[in-house]
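Just so you know, the sequences run in chain order G and R.
Going by my numbering, the first residue of the first sequence is number 1460, and it counts up by one from there.
Going by my numbering, the first residue of the second sequence is number 738, and it counts up by one from there.
Hints are computed from structural coordinates only; laboratory data are not their basis.
Note that the structure is a prediction, hence the values are computed from the model and not measured.
For glycine and all other residues, C-beta sits at the position ideal for the given N, C-alpha and C.
Any given hint might turn out to be false.
[As the list claims (entries may be wrong)] A few chain R residues that face chain G, going by a derived Cβ cut-off under 7 Å, partial list only: (1) Asp-747; (2) Met-750; (3) Ile-751; (4) Arg-754; (5) Leu-755; (6) Leu-758; (7) Arg-762; (8) Ser-764; (9) Ser-767; (10) Ala-784; (11) Pro-785; (12) Lys-786; (13) Ile-812; (14) Asn-813; (15) Trp-814.
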Amino acid sequence: MSTAATADASSSGDTTEGSVRLLTLQSEDGEVFEVKETIATQSVTIKGMVDDDCATSTIPVCNVTGRTLAMVIEWWNKHEIGAVSNEKELKEWESQFDTIDDKSDRDDVYDLLMAANYLNIPTLLDCCTSAVAEAIKGKSTDEMREFFDIKSDFDEKEEDALRKENQWAFEN
Amino acid sequence: MNFPSVVLVDFRMIFSRLTLLEAARTSIVSHRWRYLWTFTADLDFHAPKTLWNINAKIGEESYILEIEGKRSRYINWVDKVLELHRGKYINEFRLYFDLADDQKSNITNWIHTALAKGVQKLELKFDRFVGLLWKEYSYPIECYNTLKTPHGLSTIHQIFKDRVQFPPFELPKLRHLIFEVNVGGYGSLLELTRMIKACPFLHKFTVKART
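This is chain G alone, in the form it adopts within the complex (with noise of 0.2 Å):
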């Protein structure tokens, strides 16, 4: 046990120091990317798998495209210590993902969620679901429908009677 604990911190300090060990991601259409480790371990999912010496061969990325993928990988790169910066200038990067303007630019927002979702990316996840959270502010009901492609499953009665058991939220 205490042999395998020192030749695991050993390895993983060659890895910081200089030779970067590069990562095969395979997206579900079958695009692949190769990736340094330590830019791709900022999904805990990975870092996971890195840990458990499960990364050797091509890592599988179920559910996620190699369009999403690539956004991704760009995320890291922006998000490596020292790619950028200031945190100002990641900030505006960051911003053309924190706002969605259009259905296409949701659908982005949508697969995006589903990637940080799966590998576990929190700063990806906080930004999505704050670009989710913004879409949902100012809406109305009808406006929220059409935009998340939903079609309301109440009749008119209990529509109107969720409607006079949350007045507070309508009226103000």
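With chain G held as given, fit chain R onto it using these hints.
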């Protein structure tokens, strides 16, 4: 692509970013959305339009009756939301309405519910618009031990019209204390000093003048 299903994955994170009013408006979007709003973590019981309507009617004949009706509806609202609330935590808890000491048991119960869910910032803003014989809400002395929760409150914001009503007690974890006091009605800041002494980890102390 079915957006709602993914929203549901992270709905706790999404709804904890919305105010109570914003979140509650989503309850009628569809059956799946009906109770998602109850995960919101900032409970701001603020009803600006209702308060504005009350103010606009001061002096009218039916005013007292109307305000009593609105007050009991406000109380029901807070009760109902706290009953439905499914979030594990409450970060901020804010009450702002025409309430006074005659609603003491309701208010104290709400504060206790918020404390039990680890509230960090507590804001009480009460105002009585009409009437002569009324007392400001004061937290019951016998309950002060409850305020010493494991996490401890980080912020208390209470509005005082006339005087500080806190008896001597300790809030070891309190970091931010805000008082809003009426300029004319306030006697001495000395009473606040006693309060500060009871909060050894106070980082920020704000006194706001109210006109």
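| Looking back at the numbered hints, which does the structure fail to meet, lowest number first? | 13 and 14
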